[in-house]
Amino acid sequence: MPDIKLGSLFDGIGVFPLAASRCGIRPVWASEIEKAPISITKRHFPDMAHLGDITKVDGGKIPPVHVITFGSPCQNLSLIGNRSGLAGAKSSLFYQAFRIIQEMRDATDNLYPAIAVWENVMGAFSTNDRMDFRAVLSAFSDTEVPMPPSGRWGNAGMVRGGTPDVCWRLMDAQYWAGTRRLARRQRIFVVADFGGRRAADILFKPRPMLPLPPPCGEGGRAAAEGDRTASFETGRQIPVIHPFQCFRMRGAAKRQEETAFRNSFGLPTDPFPTLLAS
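For the sequence shown, the residue numbers in this note's numbering are 2 to 279.
For the record, the hints were derived by calculation from the structure and aren't laboratory data.
Careful: at least some of the hints might be erroneous.
To be verified - Estimated spans, in silico, between C-beta atoms of each pair:
hint, residue 1, residue 2, range
1, K91, S151, 27 to 33 Å
2, Y96, R161, 20 to 26 Å
3, C24, E259, 25 to 31 Å
4, R27, E259, 54 to 60 Å
5, G197, R131, 27 to 33 Å
6, G197, P149, 21 to 27 Å
Glycine included, C-beta positions come from ideal geometry on N, C-alpha and C.
The whole structure should be built from the sequences, with the hints applied where relevant.
The structure is reproduced here in structure tokens:
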């Protein structure tokens with residue numbers, strides 16, 4: 002495998018480098034200003050350089066990398082923030098990351114980076130009358146991206162026809178955790194491929210979500226493959242039982258009212274695994 006290098010902007014605790022390292026990609030530098038997250042990243046990646054304040058980084062003077070990842074500040078994009086969007090003091094730092102990408106490409110005759118990945122909150126779809134996400138796509142694709150006919154951004158899509166190739170997708174972390182968790186954490190991922198049309202392969206190509214068991218029996222017949230299973234998908238939608246629902250549940254059980262007992266788990270239309278439905 003070739004030596005693929007990664008740089009991480011707004012690095013935080015080094016989640017992008019950690020994920021990349023598990024795919025054989027080598028993190029070489031990061032930009033972060035908070036001391037506590039930097040200490041965590043240094044413990045995991047002692048050889049990785051730290052560039053400090055992103056506003057003082059010159060993309061043409063740092064080591065070129067194949068992949069640049071960044072989750073720019075979400076405070077002004079979040080549904081619980083002030084919703085000033087990319088014009089906000091924090092979230093406007095998106096443009097600093099894009100400046101670094103452009104400086105590196107100019108300095109390397111458009112060779113590096115080959116791939117850029119941006120991650121942010123779902124609220125980025127809707128700030129400033131949905132024009133902020135249009136600005137993100139236009140910046141990556143180097144073209145004026147029109148608004149969709151519906152006036153709303155879909156949970157997945159692509160901008161294709163020029164260079165770079167750009168795709169986006171809304172993902173929910175609860176479906177990708179190694180251990181089962183109920184918490185929903187929806188995030189937008191944008192992938193830009195400056196060298197070809199691989200963005201869709203990176204973002205949309207199916208990946209198994211659970212490890213497959215080893216081949217069984219002497220014949221060595223493998224288990225059936227798939228990206229999702231019905232039980233796994235249903236299990237992710239088990240309602241959280243709050244104290245009031247527990248009270249209703251106990252009362253229905255004492256009265257032996259099966260319908261009320263089942264409804265205390267959530268809405269009648271909620272899917273239930275066999276354990277709860279029995």
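If you check each hint against the structure, which ones fail? 3
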